[in-house]
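Top to bottom, those sequences are chains A and B.
Position 118 of the first sequence, counted from 1, bears residue number 118 in the numbering used here, the numbering being contiguous throughout.
Position in the second sequence (from 1) plus 172 gives the number in the numbering used here.
These are calculated hints, taken from the structure and not from any lab test.
Where hints are given, some of them may not hold.
Stated by the list, open to error - Reference excerpt, derived from the structure (chain A facing chain B, CB under 10 Å, subset only):
id: 1; residue: Leu24
id: 2; residue: Leu53
id: 3; residue: Thr64
id: 4; residue: Gly71
id: 5; residue: Thr78
id: 6; residue: Val115
id: 7; residue: Leu122
id: 8; residue: Pro128
Stated by the list, open to error - Taking lysine to any residue and the SDA-like style, the derived pairs with C-alpha atoms no more than 25 Å apart in a straight line are:
id: 9; chain 1: A; residue 1: Lys6; chain 2: B; residue 2: Val215
id: 10; chain 1: A; residue 1: Lys6; chain 2: B; residue 2: Val218
id: 11; chain 1: A; residue 1: Lys6; chain 2: A; residue 2: Pro123
id: 12; chain 1: A; residue 1: Lys6; chain 2: B; residue 2: Ala221
id: 13; chain 1: B; residue 1: Lys257; chain 2: B; residue 2: Gly268
id: 14; chain 1: B; residue 1: Lys257; chain 2: B; residue 2: Ile243
id: 15; chain 1: A; residue 1: Lys6; chain 2: B; residue 2: Met173
id: 16; chain 1: A; residue 1: Lys6; chain 2: B; residue 2: Thr178
id: 17; chain 1: A; residue 1: Lys6; chain 2: A; residue 2: Ala150
id: 18; chain 1: A; residue 1: Lys6; chain 2: B; residue 2: Asp174
id: 19; chain 1: A; residue 1: Lys6; chain 2: A; residue 2: Asp159
id: 20; chain 1: A; residue 1: Lys6; chain 2: B; residue 2: Glu175
id: 21; chain 1: A; residue 1: Lys6; chain 2: B; residue 2: Val210
id: 22; chain 1: A; residue 1: Lys6; chain 2: A; residue 2: Leu87
id: 23; chain 1: A; residue 1: Lys6; chain 2: B; residue 2: Arg213
id: 24; chain 1: B; residue 1: Lys257; chain 2: B; residue 2: Pro322
id: 25; chain 1: A; residue 1: Lys6; chain 2: A; residue 2: Arg86
id: 26; chain 1: A; residue 1: Lys6; chain 2: A; residue 2: Ile79
id: 27; chain 1: A; residue 1: Lys6; chain 2: A; residue 2: Arg162
id: 28; chain 1: A; residue 1: Lys6; chain 2: B; residue 2: Leu181
id: 29; chain 1: A; residue 1: Lys6; chain 2: A; residue 2: Val160
id: 30; chain 1: A; residue 1: Lys6; chain 2: A; residue 2: Gly27
id: 31; chain 1: A; residue 1: Lys6; chain 2: A; residue 2: Ala157
id: 32; chain 1: A; residue 1: Lys6; chain 2: B; residue 2: Pro217
id: 33; chain 1: A; residue 1: Lys6; chain 2: B; residue 2: Leu214
id: 34; chain 1: A; residue 1: Lys6; chain 2: A; residue 2: Arg161
Backbone N, C-alpha and C fix where the C-beta goes; we use that ideal spot for every residue, glycine too.
Here is what each chain is made of, one letter per residue.
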Amino acid sequence: MHAAVKFFLGLALAVVAHFVGAQLFPGFPRAVDVFLVVIVLYSLSGDSLTSLLAGLAVGLLEDTLTGGLYGLYGFADTIIGYGVARLAQRLVIQRATGVFTVASLASLAQQGIVVGLAWTVLPGPSYPRPLWVGVKAAVCGALAMLVYAATERFRRAYDVRRRSRMSRLRLG
Amino acid sequence: MDERRTGWLLILVLAGQFVFLTLQVPGTGGSRTYLGAVVLRLVGPVARAVAAAGSTFSVTRDDLTLRDRLIAENRGLRREVEELKLRQLRFEDLGGEMARLGDAVQYAASPMGDIRAADVVYVDHASWLRTLVLYSGSVPARVNQPVLSPAGLVGRVVVVAGPYAKVQLITDRAAAVGGMDLRNRRQGVVRGNGDAADSLEFDYVPLQADIRSGDRVVTAGIDGVYPRGVPVGTVAAVEPGGQLFHRVRLVPAVDFGTLDQVYLLDHLPVPSSIQKAVPGARRR
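From just these sequences and the hints, can you work out the full model?
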């Protein structure tokens with residue numbers, strides 16, 4: 001599947017998951033950032049340009065669903081997208097635990113950037129509670145790990161089925 | 173594109189966004205951005221569909237499991253409606269009397285304005301950057317329009333995108349409402365408390381003011397956005413804040429976690445007669 005299609009499909013799923021989560025659990029947006037998970041998983045491809053643009057697009061979408069100034073998350077997610085892509089160019093991240101670490105660190109970095117920006121441009125801003133910053137980072141890491149493991153498993157199963165079908169076709 | 177050029181693009185994009193952020197002045201008009209409105213228009217229908225699906229599901233579940241309780245509740249509500257109708261008659265009588273007295277002393281009270289219902293399609297009241305998105309139907313909301321619930325003040329509209337509108341909750345740290353203690357008419361500014369979710373502060377109340385726990389705070393009608401007399405919250409704690417002012421903590425009148433419908437108040441901060449005489453006039 002084309003990377004752009006995958007990205008938009010993932011983004012659409014994230015939007016629905018965010019609204020359903022907020023509908024079922026009022027504290028959902030405080031504990032989980034599904035949009036960050038989409039950025040991290042997309043940026044693991046290592047293409048820094050498209051990851052930068054994906055981060056920008058997802059961040060601006062996230063800004064619509066949060067209070068404060070428009071562009072806080074756009075700024076933070078642009079850096080996250082680019083940063084994760086650059087990291088993926090240097091490190092081989094194939095294990096699910098590696099994805100957990102990257103997503104958790106990305107969440108911490110994102111929240112840190114948003115808080116720093118709010119502190120810079122807003123008069124007397126409020127800040128998130130440190131406990132919830134940690135919870136969000138851990139939940140984002142776990143979610144990214146689960147999605148990564150599930151998609152890898154699906155991809156492997158798909159490859160095996162395709163190979164067996166090809167070999168049967170050759171025999172026939 | 174090579175990595176060096178991408179790096180330059182990143183710097184350019186970030187610089188552009190930073191300028192864009194600093195240009196947005198969080199004043200009375202909120203952050204009005206065309207891009208924000210476009211994105212809200214795109215994601216608003218998804219939020220509405222999810223909210224509608226959730227509502228349908230819960231209604232069906234209630235129909236199946238709570239039929240008897242609903243019937244009993246309905247009977248109770250009918251009785252309550254009858255009582256309220258009687259009270260309304262009494263209030264209408266009092267209102268007429270007040271109007272007659274007002275005429276006698278040539279006092280014209282400002283009208284509260286009409287209200288219309290709007291569905292809440294998304295609410296995030298727990299995060300530190302809290303917000304609410306509503307669907308107002310065929311008549312769009314307008315920026316700075318007050319948003320109420322039967323319990324009290326919810327906030328004001330900051331972004332409008334067709335039938336969808338983004339609301340700044342009064343618990344937002346950047347929000348400010350002119351408030352008044354109902355018992356002693358002492359005025360101050362109600363602001364969101366950044367440290368605790370769903371908590372408010374009542375600022376600029378001097379130390380000599382007699383303010384106690386349990387006092388009810390309503391809108392003062394001095395900020396040019398909200399009309400007077402809408403419940404805002406109840407005083408939960410009064411502490412000596414500094415040399416001049418109390419530190420007053422309020423519990424909001426509205427439970428933001430239970431909002432599924434709100435009311436948009438078509439309240440004109442400036443009377444229409446003055447607006448006709450002085451186009452573009454704003455109450456400060």
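Now the hints, each set against the structure:
{"no.": "1", "hint": "Leu24", "result": "holds, 7 Å"}
{"no.": "2", "hint": "Leu53", "result": "holds, 9 Å"}
{"no.": "3", "hint": "Thr64", "result": "holds, 4 Å"}
{"no.": "4", "hint": "Gly71", "result": "holds, 5 Å"}
{"no.": "5", "hint": "Thr78", "result": "holds, 6 Å"}
{"no.": "6", "hint": "Val115", "result": "holds, 9 Å"}
{"no.": "7", "hint": "Leu122", "result": "holds, 7 Å"}
{"no.": "8", "hint": "Pro128", "result": "holds, 4 Å"}
{"no.": "9", "hint": "Lys6(A) x Val215(B)", "result": "holds, 19 Å"}
{"no.": "10", "hint": "Lys6(A) x Val218(B)", "result": "holds, 19 Å"}
{"no.": "11", "hint": "Lys6(A) x Pro123(A)", "result": "violated, 40 Å"}
{"no.": "12", "hint": "Lys6(A) x Ala221(B)", "result": "holds, 23 Å"}
{"no.": "13", "hint": "Lys257(B) x Gly268(B)", "result": "holds, 16 Å"}
{"no.": "14", "hint": "Lys257(B) x Ile243(B)", "result": "holds, 21 Å"}
{"no.": "15", "hint": "Lys6(A) x Met173(B)", "result": "holds, 22 Å"}
{"no.": "16", "hint": "Lys6(A) x Thr178(B)", "result": "holds, 22 Å"}
{"no.": "17", "hint": "Lys6(A) x Ala150(A)", "result": "holds, 15 Å"}
{"no.": "18", "hint": "Lys6(A) x Asp174(B)", "result": "holds, 24 Å"}
{"no.": "19", "hint": "Lys6(A) x Asp159(A)", "result": "holds, 17 Å"}
{"no.": "20", "hint": "Lys6(A) x Glu175(B)", "result": "holds, 23 Å"}
{"no.": "21", "hint": "Lys6(A) x Val210(B)", "result": "holds, 23 Å"}
{"no.": "22", "hint": "Lys6(A) x Leu87(A)", "result": "holds, 21 Å"}
{"no.": "23", "hint": "Lys6(A) x Arg213(B)", "result": "holds, 23 Å"}
{"no.": "24", "hint": "Lys257(B) x Pro322(B)", "result": "holds, 17 Å"}
{"no.": "25", "hint": "Lys6(A) x Arg86(A)", "result": "holds, 20 Å"}
{"no.": "26", "hint": "Lys6(A) x Ile79(A)", "result": "holds, 21 Å"}
{"no.": "27", "hint": "Lys6(A) x Arg162(A)", "result": "holds, 20 Å"}
{"no.": "28", "hint": "Lys6(A) x Leu181(B)", "result": "holds, 24 Å"}
{"no.": "29", "hint": "Lys6(A) x Val160(A)", "result": "holds, 21 Å"}
{"no.": "30", "hint": "Lys6(A) x Gly27(A)", "result": "violated, 28 Å"}
{"no.": "31", "hint": "Lys6(A) x Ala157(A)", "result": "holds, 18 Å"}
{"no.": "32", "hint": "Lys6(A) x Pro217(B)", "result": "holds, 22 Å"}
{"no.": "33", "hint": "Lys6(A) x Leu214(B)", "result": "holds, 19 Å"}
{"no.": "34", "hint": "Lys6(A) x Arg161(A)", "result": "holds, 21 Å"}
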